[in-house]
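Protein chains in written order, with the UniProt record's numbering: chain A, 1 to 318; chain B, 1 to 318.
Simulated from the structure, these hints should not be mistaken for lab results.
Take these hints with a grain of salt, some might be off.
Which stretches of chain A does chain B cover? Using the computed rule of at least three CB atoms under 8 Å from a CB of chain B, they are [claimed, not checked]: (1) 85-92; (2) 120-127; (3) 134-148; (4) 159-168; (5) 295-308.
Heads up, the beta-carbon is just placed ideally off N, CA and C, and yes, glycines get one too.
There are 2 protein chains.
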Amino acid sequence: MRTIGELGEPGLIGRVSAKFPQTADVIIGPGDDAAVTSAPDNRVVSSTDLLIEGRHFRRDWSSARDVGHKAVAQNFADIAAMGARPTGLLLGFAVPDDLPVAWVDGFADGIAAECATAGGAVVGGDTVGAPAVTVAITALGDLGGAEAVRRSGARPGDTVAVTGNLGLSAAGYALLRAGADGPDEALAEHRRPSPPYPQGPRAAALGASAMIDISDGLAHDLGHVARASGVAVALDSSALVPPAGLRSAVERLAELGGGHRGVREFMVAGGEDHALAATFPPGTGPPDGWTTVGAVREGQGVTVDGRTPPPTSWNHFG
Amino acid sequence: MRTIGELGEPGLIGRVSAKFPQTADVIIGPGDDAAVTSAPDNRVVSSTDLLIEGRHFRRDWSSARDVGHKAVAQNFADIAAMGARPTGLLLGFAVPDDLPVAWVDGFADGIAAECATAGGAVVGGDTVGAPAVTVAITALGDLGGAEAVRRSGARPGDTVAVTGNLGLSAAGYALLRAGADGPDEALAEHRRPSPPYPQGPRAAALGASAMIDISDGLAHDLGHVARASGVAVALDSSALVPPAGLRSAVERLAELGGGHRGVREFMVAGGEDHALAATFPPGTGPPDGWTTVGAVREGQGVTVDGRTPPPTSWNHFG
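Can you make the complete structure from the sequences, with help from the hints?
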């Protein structure tokens with residue numbers, strides 16, 4: 001089995017770069033001191049994330065390709081949540097000497113495939129040696145003339161709507177922890193989340209007043225919107241429409257003895273969904289594909305069916 | 001001694017963010033799903049680097065503040081090397097639980113100070129837990145209407161010029177390895193390189209045909225220019241003007257018994273300078289502050305005083 005140590009840095013860079021398709025937004029791609037990407041709007045949207053082996057992914061739970069997909073998805077989801085279109089991606093990649101070249105190939109395939117789905121291109125990167133696989137992604141995007149949709153714009157009287165596969169990733173994670181090898185939908189969503197990228201700019205165009213990427217759970221992340229906007233958010237869990245595969249995942253978890261959480265609990269509290277939640281002023285509506293699940297009111301905090309949801313804790317240092 | 005584990009992630013983010021001054025380029029800064037930075041040129045220049053404790057810095061050789069300075073410097077130097085002005089910076093930061101809060105404070109102070117020197121602002125970031133301190137920086141810049149200066153534009157007949165403190169960082173590194181605590185200039189340059197940021201856009205404005213940030217040694221990095229441009233680069237080492245402090249550093253190294261390398265050897269082969277080298281077509285000249293040190297010819301490769309320089313190897317996996 002050939003390793004990265006045998007391939008060396010220049011070989012690694014060439015091998016990985018060859019997999020990345022370029023787009024019309026790429027003016028100067030990888031290979032120079034810096035990349036140049038189009039920013040037709042005169043503003044550039046940017047977001048960065050670090051993923052560390054053993055903390056954010058496990059090589060025995062996720063394939064290399066899955067890790068590539070997920071790293072891109074969680075970053076371009078942040079771009080979409082501002083109402084922007086993904087344009088460019090920078091990839092920092094730290095690898096141990098004994099990492100198989102085949103793992104890098106799969107990882108780069110996942111990066112390339114998710115970039116193609118989102119519409120962005122890899123424009124630059126850096127590769128270094130490290131004890132654990134570490135992935136640093138920075139995503140760039142363009143607002144296309146729209147106003148950026150912040151967390152702070154929700155106002156009493158707005159409706160709250162969501163789009164994407166709420167709860168499915170968390171159910172997949174629970175299944176993996178329980179040692180299950182199915183059902184497939186939940187495992188697949190945990191390994192390769194599928195953010196509804198185009199819905200971000202669509203919501204912005206239709207007048208969304210606030211928007212957020214759901215990474216730590218719907219109720220938790222709407223808490224950020226409530227705080228930033230100085231409002232209360234009231235969710236009606238009966239309005240939530242479970243994504244395909246969530247019910248069967250929850251049933252399987254119950255069979256395995258880990259079934260104290262129901263479908264709505266996963267949808268309200270599940271992390272790593274990379275769904276989108278947004279608020280819409282009266283007279284504006286969510287685009288097709290969104291579900292209205294609540295209302296913005298005077299006050300503070302998030303309630304689910306009138307009650308305070310249990311706290312979720314994603315302390316990254318815990 | 002208070003640690004990051006005790007402070008927690010929200011405390012860490014708030015503590016660090018408060019140190020970062022904002023600039024007129026920041027439209028939406030840290031705290032939302034993504035940042036929005038001005039890109040008045042309709043294009044955005046971007047570059048990313050990963051720094052890992054034990055590989056790229058040592059906490060016993062560099063202060064936290066030094067590490068912050070250096071992480072920013074090496075990234076904004078890449079922006080300058082395209083002819084662009086630094087605008088924004090995204091900071092991915094992975095830290096062990098037992099890292100002292102005081103280290104993070106110093107690191108953030110260094111980031112803030114170097115951003116102020118370069119003219120860019122911290123616009124976003126991510127903090128996670130990790131076994132080793134890991135810093136992922138992405139720098140953004142604006143070309144201000146200039147053409148990006150690539151590595152591939154050098155043509156036979158162009159002159160080669162440099163600006164910045166060539167060799168001083170490598171001499172400082174050699175001193176640290178030899179256990180020396182001086183002279184100060186070389187140690188300081190290794191710990192906090194001082195890229196000549198404004199010289200990048202100035203060289204672009206005066207017609208530079210190719211430009212590169214010197215990170216792996218002048219001869220090595222001009223090899224990239226030669227290859228990308230399909231030309232030969234002939235350096236005249238007698239034209240190199242040693243930066244203040246290099247001679248005394250080399251003398252000290254000789255006293256310590258590690259002195260087989262001379263001043264010009266450090267200037268030709270020393271890494272992590274973050275100086276700039278550029279080529280200028282006939283009739284255009286380098287800006288003030290640059291030194292003409294060679295010529296571009298037909299052919300391939302780099303020569304120093306007519307000879308092929310010894311290979312330098314900065315294999316990041318070695």
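Are there at least three residues in the segment 120-127 of chain A whose beta carbon sits under 8 Å from a beta carbon of chain B? Check passed, 5 qualifying residues.
Proximity test - 8 Å, beta-carbon atoms, the segment 85-92 of chain A to chain B, at least three hits: holds (count 4)
Verdict on chain B covering the segment 159-168 of chain A, criterion of 3 CB contacts below 8 Å: violated (count 0)
Between the segment 295-308 of chain A and chain B, are there enough contacts, at least three residues with CB-CB distance under 8 Å, for the coverage claim to hold? n = 0 at 8 Å, threshold three: violated.
Do at least three Cβ atoms from the segment 134-148 of chain A come closer than 8 Å to Cβ atoms of chain B? holds (count 8)
Figure legend: structure checked against the earlier numbered hints; hints not met, in rising order: 4, 5.
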